[in-house]
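Engineer: Next come the chains, spelled out residue by residue.
Protein chains: 2
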Amino acid sequence: MSKHLTKRTEDYSKWYNELVVKADLAENSAVRGCMVIKPYGYAIWENMQAELDRMFKETGHQNAYFPLFVPKSLFEAEEKNAEGFAKECAVVTHYRLQNDPDNPGKLRVDPEAKLEEELVVRPTSEAIIWNTYKGWIQSYRDLPLLINQWANVVRWEMRTRLFLRTAEFLWQEGHTAHTTKAEALAESKQMQEVYANFAENFMAMPVIKGSKSESERFAGAEETFTIEALMQDGKALQAGTSHFLGQNFAKAFDVKYTSKEGKQEYVWATSWGVSTRLIGGLIMTHSDDAGLVLPPKLAPIQVVIVPIYKGEEQLTVISEKVNVFVQQLRKKGISVKFDDRDTLRPGAKFAEYELKGVPVRIAMGNRDLENGTVEVARRDTFEKQTVNQDDLVNYVANLLEEIQDNLFKKALDYRNTHITEVDTFEEFKDAIENKGGFVSAHWDGTIETEDKIKELTKATIRCIPNNAKKEEGICVLTGVKSGRRVLFAKAY
Amino acid sequence: MSKHLTKRTEDYSKWYNELVVKADLAENSAVRGCMVIKPYGYAIWENMQAELDRMFKETGHQNAYFPLFVPKSLFEAEEKNAEGFAKECAVVTHYRLQNDPDNPGKLRVDPEAKLEEELVVRPTSEAIIWNTYKGWIQSYRDLPLLINQWANVVRWEMRTRLFLRTAEFLWQEGHTAHTTKAEALAESKQMQEVYANFAENFMAMPVIKGSKSESERFAGAEETFTIEALMQDGKALQAGTSHFLGQNFAKAFDVKYTSKEGKQEYVWATSWGVSTRLIGGLIMTHSDDAGLVLPPKLAPIQVVIVPIYKGEEQLTVISEKVNVFVQQLRKKGISVKFDDRDTLRPGAKFAEYELKGVPVRIAMGNRDLENGTVEVARRDTFEKQTVNQDDLVNYVANLLEEIQDNLFKKALDYRNTHITEVDTFEEFKDAIENKGGFVSAHWDGTIETEDKIKELTKATIRCIPNNAKKEEGICVLTGVKSGRRVLFAKAY
Numbered sequence: 001m002s003k004h005l006t007k008r009t010e011d012y013s014k015w016y017n018e019l020v021v022k023a024d025l026a027e028n029s030a031v032r033g034c035m036v037i038k039p040y041g042y043a044i045w046e047n048m049q050a051e052l053d054r055m056f057k058e059t060g061h062q063n064a065y066f067p068l069f070v071p072k073s074l075f076e077a078e079e080k081n082a083e084g085f086a087k088e089c090a091v092v093t094h095y096r097l098q099n100d101p102d103n104p105g106k107l108r109v110d111p112e113a114k115l116e117e118e119l120v121v122r123p124t125s126e127a128i129i130w131n132t133y134k135g136w137i138q139s140y141r142d143l144p145l146l147i148n149q150w151a152n153v154v155r156w157e158m159r160t161r162l163f164l165r166t167a168e169f170l171w172q173e174g175h176t177a178h179t180t181k182a183e184a185l186a187e188s189k190q191m192q193e194v195y196a197n198f199a200e201n202f203m204a205m206p207v208i209k210g211s212k213s214e215s216e217r218f219a220g221a222e223e224t225f226t227i228e229a230l231m232q233d234g235k236a237l238q239a240g241t242s243h244f245l246g247q248n249f250a251k252a253f254d255v256k257y258t259s260k261e262g263k264q265e266y267v268w269a270t271s272w273g274v275s276t277r278l279i280g281g282l283i284m285t286h287s288d289d290a291g292l293v294l295p296p297k298l299a300p301i302q303v304v305i306v307p308i309y310k311g312e313e314q315l316t317v318i319s320e321k322v323n324v325f326v327q328q329l330r331k332k333g334i335s336v337k338f339d340d341r342d343t344l345r346p347g348a349k350f351a352e353y354e355l356k357g358v359p360v361r362i363a364m365g366n367r368d369l370e371n372g373t374v375e376v377a378r379r380d381t382f383e384k385q386t387v388n389q390d391d392l393v394n395y396v397a398n399l400l401e402e403i404q405d406n407l408f409k410k411a412l413d414y415r416n417t418h419i420t421e422v423d424t425f426e427e428f429k430d431a432i433e434n435k436g437g438f439v440s441a442h443w444d445g446t447i448e449t450e451d452k453i454k455e456l457t458k459a460t461i462r463c464i465p466n467n468a469k470k471e472e473g474i475c476v477l478t479g480v481k482s483g484r485r486v487l488f489a490k491a492y
Numbered sequence: 001m002s003k004h005l006t007k008r009t010e011d012y013s014k015w016y017n018e019l020v021v022k023a024d025l026a027e028n029s030a031v032r033g034c035m036v037i038k039p040y041g042y043a044i045w046e047n048m049q050a051e052l053d054r055m056f057k058e059t060g061h062q063n064a065y066f067p068l069f070v071p072k073s074l075f076e077a078e079e080k081n082a083e084g085f086a087k088e089c090a091v092v093t094h095y096r097l098q099n100d101p102d103n104p105g106k107l108r109v110d111p112e113a114k115l116e117e118e119l120v121v122r123p124t125s126e127a128i129i130w131n132t133y134k135g136w137i138q139s140y141r142d143l144p145l146l147i148n149q150w151a152n153v154v155r156w157e158m159r160t161r162l163f164l165r166t167a168e169f170l171w172q173e174g175h176t177a178h179t180t181k182a183e184a185l186a187e188s189k190q191m192q193e194v195y196a197n198f199a200e201n202f203m204a205m206p207v208i209k210g211s212k213s214e215s216e217r218f219a220g221a222e223e224t225f226t227i228e229a230l231m232q233d234g235k236a237l238q239a240g241t242s243h244f245l246g247q248n249f250a251k252a253f254d255v256k257y258t259s260k261e262g263k264q265e266y267v268w269a270t271s272w273g274v275s276t277r278l279i280g281g282l283i284m285t286h287s288d289d290a291g292l293v294l295p296p297k298l299a300p301i302q303v304v305i306v307p308i309y310k311g312e313e314q315l316t317v318i319s320e321k322v323n324v325f326v327q328q329l330r331k332k333g334i335s336v337k338f339d340d341r342d343t344l345r346p347g348a349k350f351a352e353y354e355l356k357g358v359p360v361r362i363a364m365g366n367r368d369l370e371n372g373t374v375e376v377a378r379r380d381t382f383e384k385q386t387v388n389q390d391d392l393v394n395y396v397a398n399l400l401e402e403i404q405d406n407l408f409k410k411a412l413d414y415r416n417t418h419i420t421e422v423d424t425f426e427e428f429k430d431a432i433e434n435k436g437g438f439v440s441a442h443w444d445g446t447i448e449t450e451d452k453i454k455e456l457t458k459a460t461i462r463c464i465p466n467n468a469k470k471e472e473g474i475c476v477l478t479g480v481k482s483g484r485r486v487l488f489a490k491a492y
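Taken in order, these protein sequences are the chains called A and B. Numbering (the working numbering) for the first sequence: 1 to 492. Numbering (the working numbering) for the second sequence: 1 to 492.
By construction, these hints were calculated from the structure, which means they are not laboratory data. From a predicted model like this one, the values you see are computed outputs, not experimental measurements. Quick reminder that beta carbons are idealized off the backbone N, C-alpha and C, glycines included. Do not take every clue at face value.
Okay, the calculated beta carbon distance ranges per label pair [unchecked claim]:
| id | chain 1 | residue 1 | chain 2 | residue 2 | range |
| --- | --- | --- | --- | --- | --- |
| 1 | B | Asp53 | A | Glu157 | 24 to 32 angstroms |
| 2 | B | Glu455 | A | Ser259 | 54 to 62 angstroms |
| 3 | A | Glu370 | B | Lys263 | 43 to 51 angstroms |
Let the sequences and hints guide you as you build the complete structure.
Structural biologist: The following block contains the structure:
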């Protein structure tokens, strides 16, 4: 396989697919639509998990684990949720295989091992969790119940793409229960903030916080809060959602609590999740034609050191020096790899770490030894700098922060220059088709108009921004009066 | 639900089931055989994961993630493995539900959404992983391949018990590939050592390292190395296994590498795993009639502080003091909870933390304020000590270590006094039936004898200990000559 990537301007989609595979992040598996997350890709996920998990715990949540399977009778209990997921769910019908009498050496489903009730492989866990909460919630003293689960889920999507849309994916799903509507609403907004904070400060991916229009809401939610990011090809990515579920699940599963006043009341609910899809967003926010570009805060390897030497003796001297730096950098909490493989030339190693997006590369050769210097190259701008060895550790620590900031600023600039305000449908179509990015437009608030616009332009309402200001205007499609702009875009 | 537990001497099994539920570790779910792991139980699992994951990474392993589903054609490729798991696997046959025309509001499997090939929910991942490794391994340079996965698996067990045997469970599974038999064997033995180290030094659960007899081996393995623990009721628990898989999977999935000499060779394999079953072992090794007893190194809460006060004012003064201790203890890496709930009396709190196995409880009342002391109680021995506030932090840090050591010693004593050497079948039966524990006996090495002994006594060969010394003897059942003793026991 060639190490060279298709250029983004040639074919963005092809560039993405090649990059994911060549940078050793993930690959397609033998199971339709399911991916294998390779160690390098999984290491990014582990870093994401660690930060998110810390944030969830800091906001009072605890982890738990609920079953993979949802009995059909529970799955169908909350009608809208069931309707939303029934069309794309994997169903377990049998619990045994047996030797196939017609095909020696092969197995077949044992017809006598049919389950009395089919089991749905969870596409999301509201049903199984709310059925459990029924047993956990009796009194207001049991509330709020603030629980998160790290798990795999399955949605039988027809068109899949590595990380962005896969039949099985990894995610976290928070499921909380509250005494009041206000508290549940505050929780779902808080988690939107947590997600936005994570996206911007760790992924260096700017997001717009907003709420979904009715037709884009989670099945079973009364309100869906979202964070929307913009990819380099001008398409939007829904990066995380937090749902205010009202009392829908409490009613479907009969979850009531006794209030302080001794009354029986239905509980208020939220759920919220982000998934391995974030890795797709990370890639498409920062990477370039040379490969992956990773923000230092999530990079599995932050610094790689490559020795440039002739013969064993030089390598030994360089290694001694390098090992001191490695220790010093690690002490600062920086992850470092010293790549002293003798099977690859330095140039090949440079290309490999460019492809894999290691933020900082340090090279040390014979001349550096003589001069007491090293060469430091940053992945984001390709700039190189000769640095005095005595200053190296501080220089690198600062550089990592600078790269993190630079990536965010660059992405923010791109995003900000790709929000186009339009007032006519001509302008709308032109912006969507020729410029890409978010289009800020007045909309009459109806599902019909939303559908019609989607049909005509493939653009959907990404969100009604949290900070949308009141503004008189008319819907770009129907001319009906509207009180604020919403954001449209083509989306992943 | 009564807070009191059934006594262990009355009904050990009932005691266990009650404890798991009352200590808020886990409960049965609406899905047959599947459990819900509650936050407190999951926190123990998280602590286990953190230590194990660190150990795996220190021994050069990386995490990755492979699909939940195994297409039937891959599942059946390694014959023995397929045979071993076919009888108890969940099978996905359809990918959609639809409205049931006969039952308004209900769903049914859509007969038109039948999968062309059935998907088995992984009971273990050798098949899907080795099918993937085929693409990853070309040359000796790609080896060794050292990968671990944290995942859920499903085995359709008929008799289930919380943590010990559940239809779905959480585990890690390592899957490694090597150029030589010797290297693969060394890897599988290394992981047995890692597991033993974890069991003894973190779980405080002594284990015997050994290998399995042929009939107890993992389906598809050439050798299974095991760690075997002894529970308080005299039954053994297989706590972790590491398999040398030979070239079975390499041949089934045609995974070859080009050697340094340019020859095509099959790869050598290992796999190894521990699961949430360990939590069952942890409970049954240390806990008592008052509830859970947790080793400090895995306890979600290591220290709880309970204020004893009358009125708000006293609480305020105590809280100020306590908050200083909390900060000091946390600085030492000790997890502390200050339980200042005003809805429970101190006695009720004491009982709750006894039930939940918090290793150290600190109480601070008005008299302590006057005297500059606190009362420190340890969960393992129920001993109480008045401690000077100035010495508290060091005292607690030392006490946690002492408790960890004490739990291990106590369990080791019990284990060591429950290994009985026998030379006749009468003695064998007597030891198994009346004393419990491990029975060390000569065995003629045949499956027939093993089966017969199991039939007569319910005891199975737990392992052939790694350190078994050569010793002439005769099989307790058949009188045939034998060169070493093996360990039998009734087992979970």
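Engineer: Does the structure break any of the earlier hints, and which numbers would those be?
Structural biologist: Per hint list: zero violations.
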